[in-house]
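Engineer: Take a look at the letters that make up each chain.
Number of protein chains: 4
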Amino acid sequence: MFTGGKYDEKEIERFSVDDGSHFSITGEILPSLGATRSFHRNSVGRFVISPFDPHYRTWEAFLVLLVYYTAWVSPFEFGFLVRPSGLLTITDNIVNAIFFVDIVLTFFVAYLDKTSYLIIDSKKEIATRYVTTWFLLDLISTIPSEFVRVILPNNLQSYGYVSMLRLWRLRRVSRFFARLEKDKNYSYFWTRCAKLVSVTLFVIHMAACIFYRLAAHYFNPTETWIGSVWEDFKTESLYSQYIKSLYWSITTMATVGYGDLHAVNPNEMTFDVMYMLFNLALTSYIIGNMTNLVVHAATRTRQFRDTIHAASSFAQRNRLPVRLQDQMIAHLTLKYRTDSEGLHQQEAIDSLPKAIRSSIANYLFYSLVDRVYLFRGVSNDLLFQLVSEMKAEYFPPKEDVILQNEAPTDMYFLVSGVVEHIVHKNAIEHVVGEARTGDVVGEIGVLCYRPQLFTVRTKRLSQLLRLNRTAFLNLIQANVGDGTIIMNNVLQVARLDIFFFLVSF
Amino acid sequence: MFTGGKYDEKEIERFSVDDGSHFSITGEILPSLGATRSFHRNSVGRFVISPFDPHYRTWEAFLVLLVYYTAWVSPFEFGFLVRPSGLLTITDNIVNAIFFVDIVLTFFVAYLDKTSYLIIDSKKEIATRYVTTWFLLDLISTIPSEFVRVILPNNLQSYGYVSMLRLWRLRRVSRFFARLEKDKNYSYFWTRCAKLVSVTLFVIHMAACIFYRLAAHYFNPTETWIGSVWEDFKTESLYSQYIKSLYWSITTMATVGYGDLHAVNPNEMTFDVMYMLFNLALTSYIIGNMTNLVVHAATRTRQFRDTIHAASSFAQRNRLPVRLQDQMIAHLTLKYRTDSEGLHQQEAIDSLPKAIRSSIANYLFYSLVDRVYLFRGVSNDLLFQLVSEMKAEYFPPKEDVILQNEAPTDMYFLVSGVVEHIVHKNAIEHVVGEARTGDVVGEIGVLCYRPQLFTVRTKRLSQLLRLNRTAFLNLIQANVGDGTIIMNNVLQVARLDIFFFLVSF
Amino acid sequence: MFTGGKYDEKEIERFSVDDGSHFSITGEILPSLGATRSFHRNSVGRFVISPFDPHYRTWEAFLVLLVYYTAWVSPFEFGFLVRPSGLLTITDNIVNAIFFVDIVLTFFVAYLDKTSYLIIDSKKEIATRYVTTWFLLDLISTIPSEFVRVILPNNLQSYGYVSMLRLWRLRRVSRFFARLEKDKNYSYFWTRCAKLVSVTLFVIHMAACIFYRLAAHYFNPTETWIGSVWEDFKTESLYSQYIKSLYWSITTMATVGYGDLHAVNPNEMTFDVMYMLFNLALTSYIIGNMTNLVVHAATRTRQFRDTIHAASSFAQRNRLPVRLQDQMIAHLTLKYRTDSEGLHQQEAIDSLPKAIRSSIANYLFYSLVDRVYLFRGVSNDLLFQLVSEMKAEYFPPKEDVILQNEAPTDMYFLVSGVVEHIVHKNAIEHVVGEARTGDVVGEIGVLCYRPQLFTVRTKRLSQLLRLNRTAFLNLIQANVGDGTIIMNNVLQVARLDIFFFLVSF
Amino acid sequence: MFTGGKYDEKEIERFSVDDGSHFSITGEILPSLGATRSFHRNSVGRFVISPFDPHYRTWEAFLVLLVYYTAWVSPFEFGFLVRPSGLLTITDNIVNAIFFVDIVLTFFVAYLDKTSYLIIDSKKEIATRYVTTWFLLDLISTIPSEFVRVILPNNLQSYGYVSMLRLWRLRRVSRFFARLEKDKNYSYFWTRCAKLVSVTLFVIHMAACIFYRLAAHYFNPTETWIGSVWEDFKTESLYSQYIKSLYWSITTMATVGYGDLHAVNPNEMTFDVMYMLFNLALTSYIIGNMTNLVVHAATRTRQFRDTIHAASSFAQRNRLPVRLQDQMIAHLTLKYRTDSEGLHQQEAIDSLPKAIRSSIANYLFYSLVDRVYLFRGVSNDLLFQLVSEMKAEYFPPKEDVILQNEAPTDMYFLVSGVVEHIVHKNAIEHVVGEARTGDVVGEIGVLCYRPQLFTVRTKRLSQLLRLNRTAFLNLIQANVGDGTIIMNNVLQVARLDIFFFLVSF
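Residue numbers (the UniProt record's numbering), protein chains in the order written: chain U, 1 to 505; chain X, 1 to 505; chain C, 1 to 505; chain W, 1 to 505.
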């Protein structure tokens, strides 16, 4: 027996508490169509971690933070530092150690095979895949620079280059943002912006460091971009050096190019040429992304404006009476407001499968429809099915819902608001009745298949459930007994109605 | 009695005068679906103002004007003025007083709860919400700067900062534009442009003021962007200082960057770096918006061009006779012109509910269809329903509306223009008749369900009402009496027609 | 008597020669819906010219050319010339005279009322409208500058300003481009580009002239953008002056801003600020337009790529046999090629009204279908109706058109290419027949309503006409006699076929 | 006998090996509609090469490589070299010789007539077309520069110009990219990027060469962009000259414009003006393309976010129980994941013709459905047709597939996963059964046309085949015998089921 509208609080509580987490399906993998031919396991073996494990996800997010640190520190060491200094050495080595832990961990994390969409949890296959792909690069990027300096002869130069190898870790950030973009808990707009800002800041910082290194290592310091302006730049504070490098970098990147600082020797020119080419691509990419976001944000408003404009033009061109014009505009404005409040009701519901839609409709409307006079004594089964077929609609005040004499295609149940019954006689409108929450209008036309008796017009903002005649008849045909009950209900009430109505004229 | 087409002028007048304002529904709030479970009040309590009150809206618009004043004056005071001067002090304090009034007022304005979409009018809740959110910032931004100078020891510096606090008021402007964009009385394009221009001008002005302040407060005036070019810049006129600051600001913002003025000391560089980064975002945003507007404006024309191009290519590739090609192009061009004149007739009408569509159709076409010979003696009810089913279509001159021998799917009523009846005999076309306003064509085919007797071709631009056979039959089935009348009408007239037609060959 | 497929060459010739021009409907105005209520005349009175008159259109195009001349000369005179010189004076006055003629002419040109869409041809109304709107500006912009110099005291200065008034004529160009964009005889892409290039060149030229004038009229020539670099700039050749101005103008406009030339005095700075702001809008507009054009051009290719990609992924993921994969890709590729050759066949045809579509189908396919054995002896009427229901489809080689045992929903007529009949027996395919142009496949399944007997597979690229079973039966029901003939036809041929087929196994 | 699901490995192998290449249809031409009126040959005559010949295609791709060489070398020779040097002369002449071979070859390559879409293979027509169009330009661009120097008097200058004529070959690259964009074997994104990078690099290189030539040939070397900074620039190394030119070129192109190098004499200014104008167009084009790619890439994610957002808002606004909310979100997320894994299953399949869709459905599901108890003893024909009507759907865990009491519109076959049968009794849910792979749910409701007996809910991620009641009944009507078998099957099993079910309460 149907329980629609009767979920008690406790039950809801239960669902939310112990079932809530089970509905997260991001961790599972779709089997291919035709299951008998392919076999997928969604769980992983012992001592192997699923790549969708929440703890592993947190670990990955933590590593992304460290990557941000690396992204700032590595180019900085490359450009400005000759040898590592106290604090930086310590933090660098701690970060390296953490990434080394991740390397070890990776041998125990199952992976998703891209072609078969299978989760591979065989330790051998995991190891083979990792060793043949990114293992070496990952390992090299965790080697402490002190160790390198001991091994390599030209230890000063190499310090910077080893540092740069760590940028290999940046690939984690791009994967991180790709996942964030699809996560409904984070705003798409801000995720996208954060990504663009991260990229831009990194590029500027990186270029600043390279620019400075080029100048610092050039044989003739006065023939460099910075030395030609400040001859004693090497003795300045690190902050002053960095801010000047950053200033030139962003001046070039933003294509401002004041010209107070500019490339002087061929090395700088070569790098600058490549940097400007890259910036051309980057700024295009930023503009493209911003356009994407702006167009997206503006679509809804534009559609509304277009529709309203078309309706107004149509009305004016055909000199429709003001009352009709107002009805048109009011209806379209209401429709848009419903949307702009974040509902898209019908759209969202329509994309769901039938069972969920029925559940929603019954949860919302079953108790109301159950009390309608028309369905007194009708079986729960039919009622359940009828409610699933109903569509909720809003009508602004003073809008006609049904016109007198029109063909009976729908009946309406009032959820909220008030509507009037109006009869046209000798071109004068007579209000002959009113309907409120729980009443039904247009049912006599639909059941007796004759032109509607009254014009039905809203008195204030009303919510109505529309039930289509064809859908209604289809359901009645399969429940003949209930059909008779409904007809009896309507005849008892309606006869009196019509009787009084005819008398009143 | 249907009154379609008979709204007298007086009635229309009445509607427009005393009902016009009631149709504005922007002030109301949608109840959630299933009204019996939630309860919404749309009216607010005594001594509490609705946020949708027209007077309150006007007050808000007035405040926006004052915000524009603040947006210009505050950065200017921050950058260029050491102490407030006569007139400026007075206007500043008047503006502050007005905003103080608004703070008091806010305690009496109901607000819309974002999660439940309820209007909250409890004074306690309003006060709690305001005090816990923006009250303090609003209050601080109205403190007169004279008062601050007395309190704080370092009174000169603080003058500018207190001034800057007032920019907090800018949030009003963004809300104002958001509302304007959705208002059909203002052009979307120009609203959007006004917003972009406002933002751009504010940013340039703001940056100019900050740039100047940075230079004016630097310990060594010759090591500033302005002092390194004009050493005695502090003695220049305020206008000259301002125009130079503005000039550098826009030079940087537009990425022109002549380089005659450029950052010199680290402070300026730091600010300039941030300014250029911000500009990168701002110009992307401007370009994104412009692209949005351009694409929107061009969509219609492009669609027209694509359709015409496809039709021409098809015709040429399949070597269709010139007459057919001309018909195709003429029809598509006409269709587009109908659109470009701002009608989108069918589109606009289709998005309205059935009752409004019926009203429109009856207002426009009832009186014409009432006089058609086919419907002589037919009940008003049926006529009303038939008119609701008709679709108005334009046909360019010399286009075939009906082809001889084709299956009878539609009949057409002439609203304007002239069409010819044409009979093909031995591959020669014979014109055997003509139809004008109020005539009907194709009805014999439809009623007798036999291939059309004539080709019907327009002689000039014609407007026709199309009535689909299926829709027509469905309505007739429910009105058997009227159906017989229609058949009699058609037999009386048609028999003669066909008789004369057969004789003529 | 249907004449489809029998238009003789002479007839086609006749259409194209004497009717061609009548199909141009751009000159006519749509009446509003419901013609009996409003009255529109499409012709204009005596001695009044229609605004859509071809001769008047040519005159307008000629004036646009002169506007281009004005757009170049006016700013040039404003910026560089102190007094008019020989040749320029003469051409200027000729152009002025022609525009004066246009002013007189305008009093005789009917206009289109924007609100009622009526052509107003009353001379009084035309004159009233013109005098109250643009007459004065038009008139002032045609006054010869010599005349102005005599009247005004400060005649040197005024020469330039009078010249600038003529830019009022530019409004013609914008109207001209708006019309060109909708004209199918001109490429949309190039029209749009021409418009953008025109605007950009004009802005650069204009700014160059104003920049030079600012420098030339400044009290201290060495404190100007040009004088601070070339002190004796006033004695240089006109060409040198112009190219330097243009160089600075474009340097600023394109935001390159080398800085070799830059604003020096406050006047220049003020203008430069405004110029840069305007350029920000203009470049955004150019980028927006380019994006619009690029996105438009790329849409089709992108859709194709997406579809192909989706199909490939689906096939690989579900491990479909190679043969099926190939069929899928081949079909989609063919579909796209049909589009890319500029046909969009079905799309273009579907947007046309039924009568035109029937004409096209009959012109193309009637003669072929007439010769199909199935329709031997069938009436022309039915054949005409059947052909209208058929859809032409291309199939790549080796694609299955019909599968053995599938439900019979369609039959196919071969227009070109070859198809094989294949029977599956014990998982082996036997080719049991072949069909060529004029044959029909799948008819036995459709007519006898039983699963298809053969798999039908194309041997090479084939064109087939698809006829849906439901559409076919609907037409047959209304022509019972013809239905019997068709059944007889099929039984005579098919029985033998099936007989031989059964024997062969 | 249907062979679905029984393609043995050998057969698949055979298809892929000897048929694979035949499905490539890019080489064929579509006949126009109505084949009897036009005649197309797809093969070409003897000694004539088809333009779609794979060998010829490879030859064209090879030539494109040589064009890249020419595109770099020609401007370089034009700008920097006075006379050809050793190695360059040799390679130049080899390349010229290869292009000469291509000229000869072109006389033997058939071409596609753009208006009739016919392949023209008459040698005379090929020759006529080539000679009257591009032959002369092609020929001139292959003349060796040594030869030119002998003929022309002023041989030094001419060397560069002859070199530039070879850029005529660039038109090949644009055709090459147009073809690559449509080729599914290459990524659209990277093809497009490669094209933009090629264009940008060529423009920068070209401008660099022209800039240098302008400076090198100016009468006063100190009044040039390069000479005014480095007086002895002509004695510098070629590399230094080139990198400086390139540096200025890109500085201008990217609108950075440092100003350390800038146009000095009118010649340079004139070229620079044109270069900047061109760059305005080029950067707009690059941004437009990038926007196109970004918007394309982001569409899918945005749609997903919009849908999820709408559903969440709807749920919160109407206070749906948490269980329903979770079902909604889980369903939409699953749907999106299916898409993001590159399937678009339904979309891709729906755009294919019926025969291919049936083949796919049968290949995937026939063997599973064959084993369902419902279809025991049913003919293969009906099974084949039923499988074609089924749609595969994924359901996330704990989602309702069928609701108790709802109208029976579909039945479902389990491909994978597990579902529970649940009965609501006194608002408590009782699990009364479970179904697994190969089971069918909802069949009793559909066959007996009564409300569903159970709620069916997934226990884990499940794949179900949905069969619509109407489609099912239509097929059964045409196979009455099989219908009886199915009913017997259902009654045997279901009766027991219902019996036990009723007993259990």
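Worth flagging that the hints you see were computed from the coordinates, not collected in a lab.
Careful, some of the hints might be misleading.
A pair counts as met if it fits within one copy or between any two copies, since identical chains are not told apart.
[As the list claims (entries may be wrong)] Cut-off 20 angstroms, straight-line C-alpha distance, at most; resulting in silico cross-link-like pairs (SDA-like, lysine to any residue):
1) K195 <-> I329
2) K123 <-> T58
3) K123 <-> V229
4) K459 <-> H430
5) K195 <-> A281
6) K425 <-> E393
7) K184 <-> L324
8) K398 <-> A216
9) K195 <-> F219
10) K123 <-> H217
11) K459 <-> L63
12) K124 <-> I422
13) K425 <-> D113
14) K335 <-> V131
15) K184 <-> V322
Engineer: So, for every hint listed, does it hold in this structure?
Structural biologist: Hint check:
1. Taking CA atoms no more than 20 angstroms apart as the test, K195 paired with I329 passes in neither setting, with 42 angstroms inside one copy and 26 angstroms between copies.
2. In this assembly of identical chains, K123 and T58 lie within 20 angstroms of each other by CA distance neither inside one copy nor across copies; the values are 22 angstroms within and 45 angstroms between.
3. In this assembly of identical chains, the alpha carbons of K123 and V229 never lie at most 20 angstroms apart, being 60 angstroms within a copy and 65 angstroms across copies at closest.
4. In this assembly of identical chains, K459 and H430 lie within 20 angstroms of each other by CA distance solely inside one copy; the values are 14 angstroms within and 47 angstroms between copies.
5. In this homomeric assembly, K195 and A281 come within 20 angstroms of each other (Cα to Cα) both inside a single copy, at 16 angstroms, and across copies, at 13 angstroms.
6. In this homomeric assembly, K425 and E393 never come within 20 angstroms of each other (Cα to Cα): the closest approach is 29 angstroms inside a single copy and 33 angstroms across copies.
7. Proximity of K184 to L324 under the C-alpha cut-off of 20 angstroms is restricted to the inter-copy arrangement: shortest distance 17 angstroms between copies versus 42 angstroms within a copy.
8. Within a single copy, K398 and A216 get their C-alpha atoms no closer than 79 angstroms, and across copies no closer than 64 angstroms, so neither meets the 20 angstroms cut-off.
9. Taking identical chains as interchangeable, the C-alpha atoms of K195 and F219 are never at most 20 angstroms apart, the minima being 38 angstroms within one chain and 39 angstroms between chains.
10. Within a single copy, K123 and H217 get their C-alpha atoms no closer than 48 angstroms, and across copies no closer than 66 angstroms, so neither meets the 20 angstroms cut-off.
11. In the homo-oligomer, the alpha carbons of K459 and L63 never lie at most 20 angstroms apart, since the shortest distance is 61 angstroms inside one protomer and 35 angstroms across protomers.
12. Taking identical chains as interchangeable, the C-alpha atoms of K124 and I422 are never at most 20 angstroms apart, the minima being 80 angstroms within one chain and 43 angstroms between chains.
13. In the homo-oligomer, the alpha carbons of K425 and D113 never lie at most 20 angstroms apart, since the shortest distance is 75 angstroms inside one protomer and 39 angstroms across protomers.
14. Neither within a single protomer nor between protomers do K335 and V131 lie at most 20 angstroms apart by alpha-carbon distance, with minima of 58 angstroms and 35 angstroms respectively.
15. Within a single copy, K184 and V322 get their C-alpha atoms only as close as 45 angstroms, which misses the 20 angstroms cut-off; across copies the closest is 17 angstroms, which meets it.
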